[in-house]
Amino acid sequence: MSLAQKTACLILALVLGASAAATWLAPGGYAKQDREAIAEPPSHTHWLGTDELGRDRFTRVMYGTRISLLLAPAAALLSTLLAAAIGGLAGYAGGTWARLAMAVTDLFLSLPWLFLLITVRALLPLNVSPLVSVLVTFMLLGFLGWTAAARVLCSSAASLRSSDFVRQARAAGIPAQRLFWVHTVPNLKPVLLAQFWISIPVFILSEANLGILGLGVAEPMPSWGSLLKELQGLVSIGEEPWKFVPLILLVIVVTSFQLLLSRQEEFAL
Amino acid sequence: MNHSPSPIQSVQLAVKSFCGSLRKKFARNRAPHTVAVVAAIIFGCCFFPGRAAAQGGELHFCLRTEPKTFDPLKVEDDASAAVRYLTGGVLVRVNRETQDLEPELAISWKVSKDGRQISFRLRSGLSFSDGTPFSAEDVAYTVQRLMDPALHSATGDAFRSGTGSVETKVISPTQISITFPAQVVGLDRLFDQVAILSEHSPKKEMAVLGPFMVADYKPGSSLLLKRNANYWKSDAQGHKLPYLDSIRLDVQPNRDVEMLRFKRGEVDLINSLDSEYFDKLAATSPQLVHDAGSSLDSEQMWFNQVAKAPIPAYKKNWFHSANFRNAISEAINRADLSRVVYHGHAQPAFGPFSPANKFWFNTHLQPPAYNADAALKALQSEGFRMENGTLKDKEGNPVIFSIATNSGNKARERMAVLIQDDLQKIGIHVNVVTLDFPSLIERMTQSFDYEAILLGLTNVDLDPNGEMNVWLSSSENHQWNPQQKTPETPWEAEIDRLMRLQASSSNAKKRKEAFDQVQEIVVEQKPFLFLINKNALSAVSTRVQGASPVILWPQTFWNAEWLTVSK
Amino acid sequence: MPKLRWKIVGHLFSLLGVILIGGFLSAVLVRLAPGFDTDERELDAHLNSESVQALRAARRNDDNVLRFYVSYMTRAAHGDLGMSAALGQPVRTLLKERAPSTLRLLALGLGMAWAFTLSLALSAAWLRLSTYDHLATLVSGTFLCIPAAVLALLSILWNVSSSLAIALIVFPHTYRYTRNLLIKAYSRPHILAARARGLGEGRILFRHVLPVITAQLLSVAGVSVSMAVGAAIPVEALCGYAGVGQLAWQAALARDLPLLVNVTVLVTVVTLLANSSADILGLAWRRHEA
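Protein chains in written order, with the working numbering: chain A, 1 to 269; chain B, 1 to 567; chain C, 1 to 290.
In short, the hints are calculated from the structure, not lab data. Certain hints may be false.
[Unchecked claim] Restricting the straight-line Cα-Cα distance to at most 25 angstroms, the calculated cross-link-like pairs of lysine-lysine (PhoX-like) are:
#1 C:K96 with B:K218
#2 B:K410 with A:K243
#3 B:K567 with B:K233
#4 B:K567 with A:K32
#5 C:K96 with B:K68
#6 A:K229 with B:K263
#7 B:K410 with B:K110
#8 B:K280 with B:K425
#9 B:K280 with A:K243
#10 A:K229 with B:K410
#11 A:K243 with B:K263
#12 A:K32 with B:K68
#13 A:K229 with B:K280
[As the list claims (entries may be wrong)] If you want a taste of the chain C side facing chain B, the calculated C-beta under 8 angstroms gives, among others:
#14 D37
#15 L47
#16 L153
#17 L154
#18 S187
#19 R188
#20 P189
C-beta atoms are modelled at their ideal positions from N, C-alpha and C, and glycine is treated no differently.
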C-alpha cells in the first residue's frame, strides 16, 4: 500500500469509528435542541456551532455519517451490479439484445422518475419508521441509478467482444459463461469502479433532495445530504464557513474511497 | 396617505435664484435671450402639467411565480394579483395604510339598506390605456363577465351570496346601479378587487385603467410594466401619475437568490422578507428593512376529523376529542416558535384572526397557554398514561401520529420539528412528513389520508365573510372535516348559524358580536390549533422614495403610483 | 457501408418506438402519481362549492391515460402539442420559446465539461504523475460532492453563466470514466512495446491510446448529454433561466400532463439522438480500426 492509500484507510477508519462512537462522544443525541443557542458559531460546547433549531452540528455530522456512509455505498453497489448485468451482458451478447437493452436504458434515462418516487411515498404509510424510509430511498436510488454506466459498459463490452484475446478464447472452446465472467467482466472493472465511486456522493446528495417528496431521512435524524442543504443559504455562507465542514468531510471521504479503489483499478489492469 | 412630495417648488425656487444671478451677471443685457429661455422653461413647468425632473426611472422587484393570467377577473395567484393591482383600474380602493375605502374611478357610491344594490357615480373624461373611452357601460360589462357562473372566478365568487343573476343598470355614462340577488356583506369593499375591463377595446384585458400597463412579457423570465400615459390621476400640483416610467418584475422563485440580488442592488424591494434575512440585513443596513408589525396571516395545524378517513379508529377517537386537541395545543411552546423560527418577528396566535385586524379581532380572547404539565394532566384525565416515557391511551396504543406539511417552506418544516420536540416531552411521538404540495392537497381534500397537517392561512380580507368557506361545515375548505351534509357536532352547527347570521346583517355591531362568538367557540374547541401570526417584513432599497410598508398586501408597492427611484 | 446504413435505419425505428413508449409511460407515471387530480386553487377560501367542483372536473378530463395519449399523438401528428394546464398557453409556443435557450445552455455547458475533462484526463495520462492524478481526483471529487443547487446558486453569486454550473455538474462524471478508460488503455501490451521502442508520450497518447478507447469515449459523450439535461432542471429553476428545464419543473409541480408528456418526449428524443449517434459513430470507428 502506498502512503496515500494508508492515509486514506486511516481517514476512513477514523470517520467510521467516530460515527460508531457517536453515542458515547455525543450522549445528548442529534435531536437535542438548545433553543437559547440558535445558529451559534463554533464554541467550546458546540465545536461546529448549532443549526437553526439549536442542535449541535458536530453531533449531527457524526450521526449523519452512519446513515450516509453505510447506505450510500450499498446503494452504489446495487446500481453498479445492475449496470454490469444489464450493460455488460447486452454489450457482450451484441446484436438485437444489445439494441433492446440500450433502448430500455435510454427509456430509463428519459422518464420522469420523480412521479414514481411520489407514488412510492404515497404507498408508504405516513408513520413509516425513519429507518424504513431511508432504506427504501437508497434502494430506489440504487435501482434507478444504473443507466449511465450501463451504456458505457455496453460499449466497453462490445469492444472486448471483438478483441483478439476474447476471439482466441472463444476459438479455444471456452464456454460463453466463463468467457463473460472470467475474461470480460474483469476488464470492465475500470468503468464499474468509476460508477461505484461516482454514485456514493451522488446518492448522498440525492437522498437529501428526495426530502421534498417525503422520502429520505426524516426529521430529526440527520444525514450528510440534509446537512449539505444548509449551503444553499448562500447569502450568509461567507460569514458562516463552519457550514462547509460536512462538505469538506464528504470530499475527504470520497477521495479516500477513490485512493483505495485506485489500488483495485491498478489490479484490474 | 403617504406620497412623495413634488419637487416642482424647489425647482421653481432654484430657477428663480438662477435667473436672479443671471440678471446680476448680465446687468448690461449681455445675454437677454438666456433669461428668456429660462423664463420660458419656468412658464412651461408652471402652466403645463408634466412631470418634474426628479421623477421617472424604473422600479425593479421579483415575483415568486410566473403570472398565470393577465385577465383580472381570473386572478387566483399572487403574481397575477400583483399585475392586476398595478395595472387595473378599480372603482374604489382600500387604502392599505389607513384601511379606509377611498374613491378611485368612482367619485361616490351608495349601498342600499338591504345590502343588495350598489350605485356608483363615475369620473368622466377618462380613457383606457389604448385611448378607448371609459364609461358606465364598461363597468356593466365587467360585472356581467365577473358574475358569469361559467367563469368560476374567486373574485366573482366573493360576490355570490345567493342564486340568481346580477342586474346592471346604466343610468348615464357616469352612473350605474348594480343589483345582486341577495345581500352581499361588505359589498363596496369587494370592488377593490374588481379591475374594470373595456367593453369595446380591441386589446381586451390588455387595455387598462391603472397606473401601469403590460409592455413586454418574457415567459419564465420577466415582465415589464410601463406607465399608462392615459392614467387619470395627478398629484396636488397637477403632475400626472405615476412618477415611475416603468416597473420590471423578474420571475424568481428562490428567496436566497432574491436576497442576493437585493443586496447587490439589482432588485429594489422584497415584498415578503424571511425573518432570518431580515435580521441579517438589519445588522448591517437597518434602514433597508421594515417590520410593519403583526400581519393578518397565521400558521396553524389541525387534526383529521373526517369520519371516513383511512386512519385507525383509535386515532380518530383522539382527534375527535376537544380535550385532546386542547392538551396538544397547551403542550406547544408558541413563544419558542416565534422566537426560534421567526426570530421574534411573529406573535403567538390567539385565534382565527390576528390582533392586527383591529375591528374584528375578539379582544376578550385569552392568550394561548403553554404548560406541558397541565397538558399531560389533561390527557391523563382522559385515560392516557405514561409508560416508560411513552404516552399511551386507555387501550394501550402508544400516542404516535404524523404531522404533514408542504416541502420547501423552511419555516413550516422547522415549526414541525419544534412541535415534535415539544410533544416528545409529554411522551407523544410525532413523525414529521414533508410532501410536495399537490400530494398534500390530495391527502387533504380527496383521500383524507393524513393525521395532522401544518399549513398557513393568507388573509387578504379584513372581513370574516371572506372566510365563509372555511367556517361553514358544508364547505370544501372546512379543512378538518369538509363537506358535511349536516353539522356533525353541536359546536359546528353553532358556528354555521353564527356565520350565516353575520353574513345576513348589515349592522357592523351585530356582525362583530356574532363573529366574536365564532372566535370563542374556535378557541374552545380547537379544530385549528392556531400557532403564530407572522409579522409583515419587507425590504426597500434607499433608492426608492415614498415607500411606506404596511401589513396589508401588497405591503411595499401598495402606493406604486407615488413611488420614485433615484437614478 | 450498406450494413451501417441498415444500422442507421434500425436505430431510427427503435428511436421512434422508444419515443412512443416513453411518452406513454411518462403519461402513466404522471397520471398515477398522487396529486394529479388536485389544484392548489381549491384551497382559495373565496371559491364557492360549484367553482371547486368545476376545478376538479376540469382535471378529470385527462382521466383515461390511454385515451389522452392516443388523442395527443393524433394531434401531435398535425403539429398541435396541446395546451398547458398550468400556464394556459399552447405547449408548442412554450417549447418554441424556451428550447433554443436550453440548447444554448446545454451546448455551452457540455463544451466546457468536456474541455475540463479532456484537459485534466489527458494531461494526467501524459504526465503519469500520481500526485497530479490525486489532485485531479480531488478537484473532480469536490465538484461531485457539491449539490447541484449550490453550484447553480454559486453561478449567480459569482455572476457567471449558468452553463458553468452545468459543466461543473457533468465534468466529474465524464472525467472519472475518461480517466479510468485511459488507464485501462495504457495497460495494454502494445503500449509497453511502443514505449520500449522509444515512442514519445504524445505519439503514444494520440496514436495508440485514444483510438483504442474512442468508441467508449463516444458512449460517455452520449451519456453526458442525458446528465446535462438532468442538470438543466435544477439549474434553470434556481437561476430563473427561462428554458425547458424550468418548464419541466413547473410542470412537475403542477402535474401538468400535456406539458410533461411533451417535455418527456423532447428529452427522450435528445437522449436517443445523442446515444444513437454515439453508438453509430462508435460502430463506424470500430470498423475503421478493424
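Is the straight-line distance between the alpha-carbon of A:K229 and that of B:K280 25 angstroms or less? It holds: about 19 angstroms lies between the C-alpha atoms, which stays within 25 angstroms.
Chain B contact restraint for C:L153 - C-beta distance below 8 angstroms: Holds: closest Cβ of chain B sits about 6 angstroms from C:L153, inside 8 angstroms.
Keeping to a limit of 25 angstroms between CA atoms, is the pair of B:K280 and A:K243 held or broken? The hint holds at about 17 angstroms.
Given pair status - B:K110, B:K410, alpha carbons within 25 angstroms: violated (46 angstroms)
Given the hint that A:K32 pairs with B:K68, does the C-alpha gap stay at or below 25 angstroms? violated (44 angstroms)
So if I understand the rule, the pair passes when the alpha-carbon distance is 25 angstroms or less; does A:K243 with B:K263 pass? holds (21 angstroms)
Measure nothing beyond the straight line between the CA atoms of A:K229 and B:K410; if it is 25 angstroms or shorter, mark the hint as holding. Distance ~11 angstroms between A:K229 and B:K410 Cα, so the pair holds.
For the restraint on C:D37, tell me whether the closest CB of chain B is nearer than 8 angstroms. holds (6 angstroms)
For the restraint on C:S187, tell me whether the closest CB of chain B is nearer than 8 angstroms. The hint is violated - C:S187 has no Cβ within 8 angstroms of chain B, the shortest such distance being about 47 angstroms.
Hint C:L154 vs chain B: min CB-CB distance below 8 angstroms? Nearest chain B Cβ about 11 angstroms off; hint violated.
B:K410 and A:K243: Cα distance at most 25 angstroms? Since the Cα atoms of B:K410 and A:K243 sit roughly 17 angstroms apart, the hinted pair holds (cutoff 25 angstroms).
Would you mind confirming whether the straight-line C-alpha gap from B:K567 to B:K233 stays at or under 25 angstroms? Given that 25 angstroms is the threshold and the Cα spacing comes to 24 angstroms, the pair holds.
Taken one by one, the earlier hints fail for this structure at numbers 4, 7, 8, 12, 17, 18, 19 and 20, listed in ascending order.
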